[in-house]
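Chains as they are written, first to last, in the numbering used here: chain A, 10 to 322; chain B, 17 to 278; chain C, 17 to 278; chain D, 515 to 774; chain E, 515 to 774.
Hints in this document: simulated from the structure, not taken from any laboratory.
Be careful, since some hints might not be right.
[Unchecked claim] Which chain C residues face chain E? A few, computed with CB under 8 Å, are given here:
id, residue
1, PHE66
2, ALA70
3, GLY72
4, VAL169
5, LYS175
6, ASN176
7, PRO267
[As the list claims (entries may be wrong)] Simulated crosslink set (DSBU-like; lysine-lysine; CA at most 35 Å straight-line):
id, chain 1, residue 1, chain 2, residue 2
8, A, LYS50, A, LYS114
9, E, LYS637, D, LYS637
10, E, LYS752, D, LYS631
11, B, LYS260, D, LYS620
12, A, LYS215, A, LYS292
Only a predicted model underlies this, so the values are computations on that prediction, with no experimental measurement involved.
Glycine residues also receive a C-beta, built at the ideal position from the N, C-alpha and C atoms.
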Amino acid sequence: PAPAMKTVTVSYQPTTANGPIYIAIDEGYFAEQGIDVRLEKTLTAAALPLLINGDIGASTGPVKIGLINVIAKGEHVRIVADKGRLTPGSCTAYALMVRKDLFDKGVVTNVADLKGRKIAQRDSDYDLYRALALGNLSRDDVEIVDMDFASVIPAFKNGAVDAGLVTEPYITQAINNGSAVVLVPAQDFLPDWPIPLYYGPALLDKDPDLGRRFMVAYLKGVKQYNEGKTERNLVILGNYTHLDRELLNQSCWYPIAADGNLPREPIRGYINWMYANKKITQKLNDDQLYDMSYVTYANGVLHNTTDGRQQTT
Amino acid sequence: MMLNADRVYPVLLPLVSLTGVLLLWELCGRLGLINPLFFPVPSLIFLAFFGMLADGEIQTNLSITLFRVFVGFLIGTIPGITIGLLMGVSEKTRLFLDPIVAATYPIPKLAIFPLLMVIFGIGELSKIMAIAFGCFFITLINAMGGVRNINKVYFEVAKNYGASKTQLFTRVVLPASLPMIFTGIRIALGMSLIVVVGVEFVSANHGIGAMIWNAWQTFEIEKLYVGIFICAILGILFTLVLKKIEHRTIPWVGQLAHPGEE
Amino acid sequence: MMLNADRVYPVLLPLVSLTGVLLLWELCGRLGLINPLFFPVPSLIFLAFFGMLADGEIQTNLSITLFRVFVGFLIGTIPGITIGLLMGVSEKTRLFLDPIVAATYPIPKLAIFPLLMVIFGIGELSKIMAIAFGCFFITLINAMGGVRNINKVYFEVAKNYGASKTQLFTRVVLPASLPMIFTGIRIALGMSLIVVVGVEFVSANHGIGAMIWNAWQTFEIEKLYVGIFICAILGILFTLVLKKIEHRTIPWVGQLAHPGEE
Amino acid sequence: MKLACRHISKIFGEGEKATRAIDDISFETTEGEFLCILGPSGCGKSTLLKIIAGLLKPSSGEVCYSGNNHAGPMNSMVFQEHGVFPWMNVMDNVAFGLEMRGVPRKERYARSLDFLKRVGLSKHAWRNPHELSVGMRQRIAIARAFVNNPEILLMDEPFGSLDAQTRLILQAELLKIWSDHKKTVIFVTHDIDEAILLGDRVLVMTSVPGRIKDVLSVGIDRPRDIDLENTPEFLALKTKIWNSIRLEVERSMTGDHDDA
Amino acid sequence: MKLACRHISKIFGEGEKATRAIDDISFETTEGEFLCILGPSGCGKSTLLKIIAGLLKPSSGEVCYSGNNHAGPMNSMVFQEHGVFPWMNVMDNVAFGLEMRGVPRKERYARSLDFLKRVGLSKHAWRNPHELSVGMRQRIAIARAFVNNPEILLMDEPFGSLDAQTRLILQAELLKIWSDHKKTVIFVTHDIDEAILLGDRVLVMTSVPGRIKDVLSVGIDRPRDIDLENTPEFLALKTKIWNSIRLEVERSMTGDHDDA
Ligand SMILES: Nc1ncnc2c1ncn2[C@@H]1O[C@H](COP(=O)(O)OP(=O)(O)OP(=O)(O)O)[C@@H](O)[C@H]1O
Ligand SMILES: Nc1ncnc2c1ncn2[C@@H]1O[C@H](COP(=O)(O)OP(=O)(O)OP(=O)(O)O)[C@@H](O)[C@H]1O
Ligand SMILES: [Mg+2]
Ligand SMILES: [Mg+2]
C-alpha cells in the first residue's frame with residue numbers, strides 16, 4: 010500500500026556534491042517512497058541549528074567542530090550515510106592550489122616551498138594542518154588569510170594570496186582561467202575523508218520510518234550517481250547546480266560508497282587532533298557519532314526489491 | 017531660454033550622466049585599461065542581459081525578489097514609521113524605547129540569520145523578516161528625526177485647538193514629518209534591495225541574489241553584472257517613483273528645493 | 017516634582033527598559049519558555065563575556081573591529097555629507113549625480129565583495145571600503161534631504177548678504193541641515209557596525225564578525241551572543257555620544273523636542 | 515467666563531542661563547471682558563498668553579477659571595507666528611478646530627467659508643498656504659480662531675502683518691463676534707490706538723521681566739468709531755499709556771547701553 | 515544710487531495654477547530717495563522687493579541701476595519673515611553681512627555691537643535667537659541690515675512686530691543712517707502714518723495683481739516730528755492715501771464675497 014506523501018526538508022548547497030539527492034528527486038525515487046523532498050539552500054552555519062530544531066530533517070557537509078560540540082551537548086544528530094569521499098586515486102574535488110605563475114617559475118612546486126607564503130582558507134584548520142604536514146610545515150610557518158571560496162580566484166588573479174584550499178567548481182575555474190594549479194589534491198593529505206549525510210531529530214526521533222524510506226531512495230540515487238557522467242545525470246545535476254555542461258563534465262564528482270557505509274578512521278583522527286589541541290573537551294565515541302541502522306535497512310530493502318524496480322521502470 | 021532649460025535639464029542631465037558612465041566604462045574596457053575578467057564592458061553585459069531575458073531566467077528571479085522586497089518593505093516600514101513618530105512625539109516612549117532601538121539596530125542580520133530561520137522558519141518568512149528589520153530601523157530613526165524638526169508652534173496650535181492624540185498624530189505629526197519620512201523611505205528601499213540580495217546570496221534557490229551566487233559559482237562574470245545592473249535599474253526606478261509621489265505629497269517642501277536658482 | 021521627573025526620567029527610563037528586557041529574557045529562559053540551545057539566558061552570556069574578556073579574546077577582536085569601523089565611517093561619511101549637501105544646493109549637480117547614486121546605492125556590497133577585493137586588495141582596505149560605501153550613501157541621501165528642508169528665506173538672506181558659494185555652504189547649508197545630517201550619521205554608525213560584522217563574518221581572521229563566525233562553526237552559542245551583545249553595547253554607546261554632540265551642536269532643534277510636555 | 519491669573523512667574527532655562535520672562539503677574543477679567551495687553555518688545559506678552567492658553571507651565575502661580583465649565587474652558591489662540599499648517603490647504607487650516615471637534619466635513623467647510631469671506635480669502639480657499647503672502651497667512655490664522663467659536667479668544671498681535679484698512683475691517687469683525695457671543699478676549703497688541711479702540715481695559719506691562727505696570731479702564735462708550743481718535747479723552751488715555759510704556763522702553767534700551 | 519523698475523510683472527506657477535502677483539510696475543527713484551510702498555495685504559509688495567533685490571526673477575521687465583557701480587549695487591534687505599539664522603547667536607547674525615565680505619572678526623563684532631546697542635539688544639548679543647521674542651528677532655534682522663551699510667536698503671515691514679515706542683526709536687535710527695549716508699531706501703509698510711513720516715514719496719499699489727495706483731510726494735520738511743500727525747497737510751495726505759487704499763481693499767474683499 011502506497012504510504013501518504015510526507016515532506017522531508019534537506020539543507021544543501023547547490024554543488025555537484027549532492028548529486029545523489031538531485032537524482033533521487035528527479036528520478037522519482039523519493040516519490041516512490043512517499044517522500045516529497047524540499048531542498049533548502051542554507052549557510053553551513055545555519056544548517057546545524059535548523060537540523061537540531063527539526064526544521065530540516067537531513068543535512069550534508071563536512072564534519073566540523075560544531076557538530077561534535079552539539080552532539081557532546083546531547084543533541085540527537087547522527088551521521089547516517091556516506092555522501093562522498095576523498096578517495097586516493099580518484100579525481101580532485103578539493104585541493105591545495107598554488108598560483109600558476111609561482112608554480113611555473115618553479116618558486117613553489119611542493120608544500121615545503123610554501124614557507125612564509127600567504128594561504129587562503131576558511132575554517133579548515135585541520136585540513137591545512139594535514140596539508141602543511143606534507144612539507145613538514147606548521148600553521149606558524151605560513152600566513153593565513155581568511156576568505157570565502159568565491160573570493161579565492163580574484164585573490165589569485167591579483168596576487169593577493171599565493172596558495173589556498175579550494176573546492177569544486179572553483180578548482181576547475183581557476184585551472185581554466187589560468188590563475189592557479191593544483192599543488193596537492195586533498196585525497197593526498199586527507200585520504201578517505203568523508204562528507205557524510207546527517208539526520209536530525211525530525212527523522213531520528215519523530216519518524217525513523219521516514220528516515221529509513223529516505224535512505225532507500227537516497228541509496229538508489231547513489232547507485233545511479235555512481236554510473237558517472239551519463240547524459241541523464243548531467244542533465245539532472247545541471248538542473249540543480251546551474252553549471253553549464255562543459256564545466257560539469259570537467260569537474261570532479263566525489264565517489265560515494267554504493268552501500269552508504271563510510272570509513273571511520275579519518276574522523277577519529279580529526280577528533281583526536283581537536284582533543285589534543287583543546288578545541289573540544291570530550292572525545293565522542295562512534296555510537297555518539299554514527300547511526301548506521303538506516304543504511305543497513307535500506308541495503309536490505311534494495312536487495313529484495315531490485316526486481317521490483319526493474320518492473321516499475 | 018531659462019524656461020527651456022528648466023524643462024530640458026531634468027530629462028537631459030540624468031541621461032547624460034548615466035550614459036556617460038556607461039560609455040566611459042566601455043571605453044576603458046575597449047582600451048584594455050580594466051581587466052575584462054572582472055570588469056566586462058557594458059555592451060557584453062547587455063548582451064548577456066538579453067540572453068537571460070530570452071531564457072526567462074531574469075523574469076522568474078526578478079519576480080521572486082520583488083515579491084520579497086515589497087512584502088518585507090511594507091512589514092518593516094509601516095511599523096517603523098509609526099513607532100518612530102510615536103517616539104518623536106512622546107518623550108517617555110522615546111526614553112523607554114530608544115535604548116532598545118540603539119541596541120538592536122546594529123545587530124547584523126546576516127550573522128544571526130540562522131537564528132532568524134529558527135524563529136521564523138525556513139522559507140519565505142525568514143528572508144522577508146530580514147528585509148523588514150533592515151527597513152524598520154532606518155524608517156524609525158528618520159521618522160523620529162522628522163518629528164524633532166517640526167516647528168514647535170504647530171504642536172501648540174494642535175494642542176490649542178483640542179487635537180486628540182490620534183488627531184495630533186495623523187493631522188500634524190505625520191504630515192509635518194513627511195519630508196524626512198520620504199528620505200527614510202528612499203534609504204529603506206535601497207536597503208531592502210541590498211538585504212534581499214544578501215539573503216538570497218547565502219540562502220535561496222531563486223531570486224536575483226541566488227542568480228548572482230550562481231554566477232560566482234560558474235564564474236560567468238557577465239551574469240554577475242547582469243544581477244548588479246538589475247539592482248541598479250531597480251534603484252533608479254524606485255527613486256523615480258518615490259520622487260513622483262513626493263512631489264504630489266509634499267509640495268510645500270518641493271518649492272524650497274531650488275534655492276537661488278529660480 | 018515635575019522638575020524631579022525631568023531629571024530622573026532620562027536616566028531611569030532607559031535603565032528600566034534595558035534591564036526589563038534582560039530580566040524578561042532571563043525569566044523566560046529559566047521557566048523553559050525558550051530553547052536554551054538557541055537562546056541562552058543573559059546571565060550565561062555575561063559569564064561567557066567575562067570569560068572571553070579574561071582571555072583577551074574580546075579586546076583584540078574589538079579593537080580591530082573598531083578600527084575598521086572608525087576609518088570606514090570617516091571615509092564614507094565625510095564625502096557623503098559633502099556631496100549630499102552639494103547635491104541639495106545645486107539642482108544641476110543633483111540632476112547629474114542623483115541617477116548615479118540611485119543606481120549604485122542598492123548594489124549589495126556583500127555580493128560584490130570579491131570585486132572589492134580585486135580593486136582594493138585583500139587587506140584592510142577592502143573591508144574598510146565596504147563600510148565606507150555603506151555610510152556614504154546613507155549620509156548622502158540624508159544630507160540632501162536636509163538641504164531640501166531648509167526654509168527658503170535663509171537662502172535669500174545669504175544671497176542678499178553676498179555669501180559666496182563656499183560661505184553659503186559652510187554658514188547656511190551645513191548648519192541648517194545638521195538635524196538631518198545627525199539622523200543620517202546615527203543610521204550610518206549602526207550601518208557601519210552591521211557591515212563590518214558582515215564583512216568579517218564572510219572573510220576575516222579577527223574582529224567581532226570573525227568571532228561570531230567562529231562561534232557558529234563551533235556552535236558555542238554563548239560566544240555568539242557575546243558577539244551580538246558587543247554590537248548592541250556599541251550601538252548604545254555610539255547613540256549616547258551622538259546625542260551629547262547633537263545637544264551641543266543643534267540646541268535650537270532640541271528645544272522643539274518635547275512638544276506639549278513642558 | 516471669568517479668568518484669573520494669580521502670581522504667575524515664568525523662568526526659562528536653568529542655572530546660569532535662567533531668564534525670568536514674567537514676574538508675579540496677577541489680574542482678573544470680568545465676564546465677557548475685552549482686555550488688551552501692551553508692553554515693550556520682549557517683555558513677556560506671548561509668554562503670558564501661552565501660559566493662559568495652557569501651552570506653557572508657569573514656574574509659579576496659577577490660572578483659574580470660573581464659569582459653567584470646570585475642566586478649563588475652550589480657548590482659541592491666534593499665534594504671533596501664525597502657525598498655519600503648510601500641509602493643509604487654506605480651507606482645512608481654517609476648519610482645523612472644527613475638525614478636531616468632530617464637526618462633519620460639509621458643515622465645517624460651510625462654516626469656514628463664511629469666515630474666509632469675512633477675512634477676504636474665500637477666493638483662495640483651495641490654495642496652499644506657501645503660495646500666499648504673509649498677511650494672507652495671518653488672516654488664515656485669524657479665521658481659524660474665529661470659526662472655532664471659543665469661550666476665550668487669545669490673540670497675540672493678530673493684525674500685525676495687515677494693512678490699516680484690512681485691519682479695520684477685521685477689528686470690526688472681532689468686535690461683532692465679541693459682542694454677539696459675549697466672549698472673553700485677551701488681545702496683545704503693539705498699537706496703542708488699537709488697544710484703546712478695542713479694549714474695556716488696557717493692561718500695560720513693564721520691560722522684561724514683565725510685571726503689571728498699569729491697568730487702565732478705557733471707559734469710552736461703544737460702538738467706538740475711528741474718529742474717536744481725536745477726542746480729548748482718547749488722547750489723554752493715549753498719552754498716559756504712551757508715557758508709561760516709553761519709560762519702560764527707554765529704561766530697557768538705556769540699560770542696554772550701560773550694561774554693554 | 516538711482517534705481518529704475520521697468521514694466522515689471524511676476525507670474526507665479528504655470529498653466530491653470532498661474533497667479534499674477536504684480537503687473538507692469540514701473541518707477542524710478544532719485545538719488546538717495548526714501549520711497550515708501552503701501553498696499554493691501556497680498557498685493558505683491560514683498561514680491562516686488564525681492565525682485566528689486568535680485569532674489570526673484572521677474573516674468574517680464576527689468577530692474578536697472580545707475581551709479582558708480584555697474585555690477586548691480588549692494589542692497590540689504592530686511593525680510594518680512596526676518597530670516598534670523600537659528601544656528602548663530604545674535605552677534606553672528608548681525609555680523610553676517612560683514613562676515614560675508616571678509617571683515618575680520620574683531621572689527622565686525624565691534625561694529626555689530628554698536629548696532630545691537632541701537633536696537634536695544636546688546637545684552638542679548640551672545641544668546642541664541644530661539645530664546646528671544648518675535649520682536650527681538652525682528653530687531654536682529656534690522657541691525658543686520660543697518661550694520662551692513664549697503665547702498666540700497668530694502669525693508670519689508672521692518673517694524674511690524676515692534677511696539678510703538680521701540681518703533682519710534684528705530685525709525686529715528688533709520689532716518690539718521692539714511693541722511694548720514696544718503697542711501698536709497700525702499701520701505702514697505704502697512705502703516706500710513708509711518709509712510710508719511712518717513713518717505714519722500716509714497717507709492718500706493720492696487721490689490722492683487724499689484725499695479726501702481728498712486729505715487730504721492732510727501733513734501734513735508736524734515737526733520738519731521740511725531741506731532742506733525744495733527745497738521746492739516748499730514749491729515750490731508752493721510753486721508754488721500756487712506757481712501758485710495760480703502761477702495762482697493764474693499765474691492766478685493768467685496769470681490770471676494772461675490773466670487774465665492
Ligand atoms: N510662491 C508663490 N506661488 C504662488 N503665488 C504666490 C507665491 N508667492 C506669492 N504669491 C502670490 O503673490 C501675491 C503677492 O504676494 P506678496 O507676498 O508679494 O504680497 P504682499 O504684498 O507682500 O502681502 P503682505 O502685505 O501680506 O505681506 C499673493 O497674492 C500671493 O498669493
Ligand atoms: N525658550 C526660551 N528660552 C529662554 N528665554 C526665552 C524663551 N522664550 C522667551 N524667552 C524670553 O522671555 C522674554 C519674553 O518673551 P516673549 O516672547 O513672551 O515676549 P513678547 O512680549 O511676546 O515680545 P514681542 O513683543 O517681541 O513678541 C524674552 O526676553 C525672551 O528672551
Ligand atoms: Mg510676542
Ligand atoms: Mg509681504
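Against the structure, the hints come out as follows:
1. Nearest Cβ of chain E to the Cβ of PHE66(C): about 45 Å, over the 8 Å cut. The hint is violated.
2. Taken as an interface hint, ALA70(C) does not check out: its beta carbon lies about 48 Å from the nearest beta carbon of chain E, beyond 8 Å.
3. Taking 8 Å as the C-beta contact cut-off toward chain E, the hint placing GLY72(C) at the interface is violated, the least distance being around 45 Å.
4. Because the smallest distance between the Cβ of VAL169(C) and any Cβ of chain E comes to about 4 Å, under 8 Å, the interface hint for this residue holds.
5. Evaluation of the LYS175(C) hint against chain E yields a held restraint, the C-beta minimum of about 6 Å falling below 8 Å.
6. At about 5 Å, the closest approach between the beta carbon of ASN176(C) and any beta carbon in chain E falls short of 8 Å, and the interface hint on this residue holds.
7. For the restraint placing PRO267(C) at the interface with chain E, the shortest Cβ-Cβ distance is roughly 6 Å, inside the 8 Å limit, so the hint holds.
8. At most 35 Å may separate the alpha-carbon atoms for a hinted pair to count; LYS50(A) and LYS114(A) exceed this at roughly 41 Å.
9. For the given pair, LYS637(E) sits about 46 Å from LYS637(D) by alpha-carbon distance, which is inconsistent with the 35 Å threshold.
10. For the hint linking LYS752(E) to LYS631(D), the alpha-carbon distance of about 28 Å falls within 35 Å, and the restraint holds.
11. Between the alpha carbons of LYS260(B) and LYS620(D) the distance comes to roughly 31 Å, so the proposed pair stays at or under 35 Å and holds.
12. Restraint check: the Cα-Cα separation between LYS215(A) and LYS292(A) comes to about 27 Å, which is no more than 35 Å; the hinted pair holds.
Hint compliance for this structure: hints 1, 2, 3, 8 and 9 are broken, all remaining hints hold.
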